[in-house]
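Work out the full structure: start from the sequences and follow the hints.
The primary structure of each chain is shown beneath.
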Amino acid sequence: MYRYDEFDHDFVQARVAEFSDQVERRLSGEITEDQFRPLRLMNGVYLQLHAYMLRIAVPYGTLSGKQLRMLGHIARKYDKGYGHFTTRQNIQFNWPALSDIPAILADLASVEMHAIQTSGNCIRNVTADHFAGAAADEAADPRPYAEILRQWSSVHPEFSFLPRKFKIAVTGAERDRAAIQTHDIGLHLKKNAAGQLGFAVYIGGGQGRTPMVAKKIRDFLPEADLLSYCTAILRVYNLYGRRDNKYKARIKILVHETGVEEITRQVEAEWQELKDAELKLPDADIRAIETYFAPPALTERPEGDQAIKLARLDSKGFSEWLDQNVVTHRHPDYAAVTISLKGIGEVPGDASDSQMEAVADIAEKYAFDELRVSHEQNLILPHVARADLKAVYDALVDIGLATANSNLISDIIACPGLDYCALATARSIPIAQEISQRFASLERQREIGELKLKISGCINACGHHHVGHIGILGVEKKGSELYQVTLGGSADENTSVGEIIGRGFSSEEITDAIERIVETYLGLRLNPSERFIDAYRRVGPAPFKEALYAGETKAA
Amino acid sequence: MKILTANRLTDGIAVWYADGGWAETVDHADLAHDKAAEDRLEAIGAKAYADNEVVDVNLIDADVVNGVVEPVRLREKIRAAGPTIRSDLGKQAERAA
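Sequence lines, in order, name chains A and B. My numbering puts the first residue of the first sequence at 2, with every later residue one more than the last. My numbering puts the first residue of the second sequence at 1094, with every later residue one more than the last.
Don't take each hint at face value.
Said to hold, decoys possible - With beta-carbon atoms standing in for the labels, derived distance ranges: (1) B:Val1158 with A:Ala104: 36 to 42 Å; (2) B:Lys1140 with A:Ser442: 53 to 59 Å; (3) A:Ala543 with B:Ala1143: 57 to 63 Å; (4) A:Arg445 with B:Val1158: 38 to 44 Å; (5) A:Ser442 with B:Leu1124: 35 to 41 Å; (6) A:Gln14 with B:Asp1156: 50 to 56 Å; (7) B:Ile1137 with A:Glu19: 32 to 38 Å; (8) A:Thr33 with B:Asp1132: 21 to 27 Å; (9) A:Ser111 with B:Ala1143: 34 to 40 Å; (10) A:Glu262 with B:Asp1132: 43 to 49 Å.
What the hints assert, rightly or not - Here are the simulated lysine to any residue pairs, SDA-like style, with alpha carbons at most 25 Å apart: (11) A:Lys81 with B:Val1158; (12) A:Lys479 with B:Asp1181; (13) A:Lys247 with A:Asp354; (14) A:Lys78 with B:Val1158; (15) A:Lys479 with B:Val1158; (16) B:Lys1184 with A:Leu28; (17) B:Lys1184 with A:Gly82; (18) A:Lys191 with A:Ser100; (19) A:Lys168 with A:Leu48; (20) A:Lys81 with B:Glu1117; (21) B:Lys1170 with A:Glu347; (22) B:Lys1184 with A:Asp6; (23) B:Lys1184 with B:Gly1114; (24) B:Lys1184 with A:Asp101.
Said to hold, decoys possible - Far from chain A, by Cβ distances over 12 Å, these chain B residues were calculated: (25) Thr1103; (26) Asp1120; (27) Asp1123; (28) Ala1130; (29) Glu1131; (30) Ile1137; (31) Gly1160; (32) Ala1189.
To be clear, the hints were calculated from the coordinates, so they are not data collected in a lab. Heads up, the beta-carbon is just placed ideally off N, CA and C, and yes, glycines get one too.
This is the structure in structure tokens:
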């Protein structure tokens, strides 16, 4: 894992001191809210419906046991006993007092964490494949590059006041688990024919009120050119991105309005000026950062196969969890485990203080002290010996986190929605809970197969509804919540934006509507291995429209 | 009818203007029945904001239901009660206790 060097420590400590002073001056009335607001946002402090909210960065989603234990401590001491893991692999606390935030930040700094650049029109937390370093299908671990981007983008003077926020994601595998094509910059780390590392570069992806799939502007960028090329992209955006209209300020709009060919020309022209200057990454520097992410020493544990065989016979629950939440590791004796934060009827992404502490214990004991937060709002143990899987499962059962639903219909992404968020227009969480309860039967969920259901409580799309196989968008209409359904979205290497299927549904109707969509799919799929998204792409919206709206008058 | 609401500066907790101060529950918020009363509440809110007591000051629609004040919009009902999915949190929890 990355360890802070002296510079990092000083930098974060200096920021804690600076923001503590700003909070003190705000509380004493020395500075006004208008003056303070941009300062608090630079430090991840929002004001929500019920209280302040603090968003803490989890760089590229990687955490140690000690760090997760500290998050549990903060939840207990300063908040209301829980935290919410987000789709940017971060964590949010919903109830901190402003007067406690300096102490929280000091606690975070003690475990090499902070809340810098989790808000504002700057480069946000760089996200990465949550199976990075463990996945069998990856060219290389993408996190060293995410860390290089983090160092470069932290309080970057030129890019701290962009037209709008800016999000970068990196994957090192062909199978995209980091949703890179929904980002301002998406980077696909790969090897060329000569075996050299570099990136396919995508720009202009995004969700919100104008969803766009990113466009590939370069098929192979040598790794040494990562920062010069990203700088070129950011410069073109910073210069030409719109500042007159918040809703048209993201780079996706610039890419769309300028055209891919022209913007690629502009980026390449800018890059020519930069590529051979000080931003060129020396190979030694990349390799030095890489050593921080060196995989743990995975000793041979061949006894795993036999242990699993026996444990499967012993426990149906373990067997189901193994099939659903455990994936292949590049080392045959190991596996990567998804800890579902989507228990049936629970709040997607929430974990209690004691659950965080218990998971930290499990990570330290069985997973080389490594954890990840996935953008799908689950926790990941990237390296677990297969021989230890039963012990991990048993420990997760004890804390209620062994739900075997990874990638199934109840593994729902949901934003906080109107239960917490000041921007929301409708609730998301209760809809997620009701759908999860309706499909509670694991047997039924597995029969349905992979199905990504994502819910947002407003058009800003924090719940990624545009790229859900089934997406739900909550809006307010005539004082009531109304839920629009989109079908056919996807956030993997074949990213697509879902299409609105028809009129929206009330909160009482929406779960029935989802069930009808699922039943329609089950009735028309060619065979059980044809996933929902594949079936939808084959047949289009017509059968689903028919199932949802056939009884309604055509006159409307 | 309108009532005045905000979040307290120090801890961000939702508050409503009632009886000369900022109350932690909406139940007995001061009601403005006419434009003059609304203006009066607005002026109180502006002063409290300027005095760094509260932030995010808003005049919102409300009704009186069973003798207590209730906001009209769902958003404001949730602010007044707490998250609908966690009855153990927010004002509703304090009320139940």
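Evaluation of the provided hints:
no. : hint                                : verdict
1   : B:Val1158 with A:Ala104: 36 to 42 Å : 40 Å, holds
2   : B:Lys1140 with A:Ser442: 53 to 59 Å : 58 Å, holds
3   : A:Ala543 with B:Ala1143: 57 to 63 Å : 59 Å, holds
4   : A:Arg445 with B:Val1158: 38 to 44 Å : 41 Å, holds
5   : A:Ser442 with B:Leu1124: 35 to 41 Å : 50 Å, violated
6   : A:Gln14 with B:Asp1156: 50 to 56 Å  : 51 Å, holds
7   : B:Ile1137 with A:Glu19: 32 to 38 Å  : 34 Å, holds
8   : A:Thr33 with B:Asp1132: 21 to 27 Å  : 23 Å, holds
9   : A:Ser111 with B:Ala1143: 34 to 40 Å : 37 Å, holds
10  : A:Glu262 with B:Asp1132: 43 to 49 Å : 57 Å, violated
11  : A:Lys81 with B:Val1158              : 30 Å, violated
12  : A:Lys479 with B:Asp1181             : 29 Å, violated
13  : A:Lys247 with A:Asp354              : 37 Å, violated
14  : A:Lys78 with B:Val1158              : 37 Å, violated
15  : A:Lys479 with B:Val1158             : 21 Å, holds
16  : B:Lys1184 with A:Leu28              : 24 Å, holds
17  : B:Lys1184 with A:Gly82              : 16 Å, holds
18  : A:Lys191 with A:Ser100              : 46 Å, violated
19  : A:Lys168 with A:Leu48               : 22 Å, holds
20  : A:Lys81 with B:Glu1117              : 18 Å, holds
21  : B:Lys1170 with A:Glu347             : 22 Å, holds
22  : B:Lys1184 with A:Asp6               : 44 Å, violated
23  : B:Lys1184 with B:Gly1114            : 18 Å, holds
24  : B:Lys1184 with A:Asp101             : 20 Å, holds
25  : Thr1103                             : 5 Å, violated
26  : Asp1120                             : 17 Å, holds
27  : Asp1123                             : 21 Å, holds
28  : Ala1130                             : 24 Å, holds
29  : Glu1131                             : 21 Å, holds
30  : Ile1137                             : 17 Å, holds
31  : Gly1160                             : 23 Å, holds
32  : Ala1189                             : 15 Å, holds
The structure is inconsistent with the numbered hints 5, 10, 11, 12, 13, 14, 18, 22, 25, although it conforms to all the rest.
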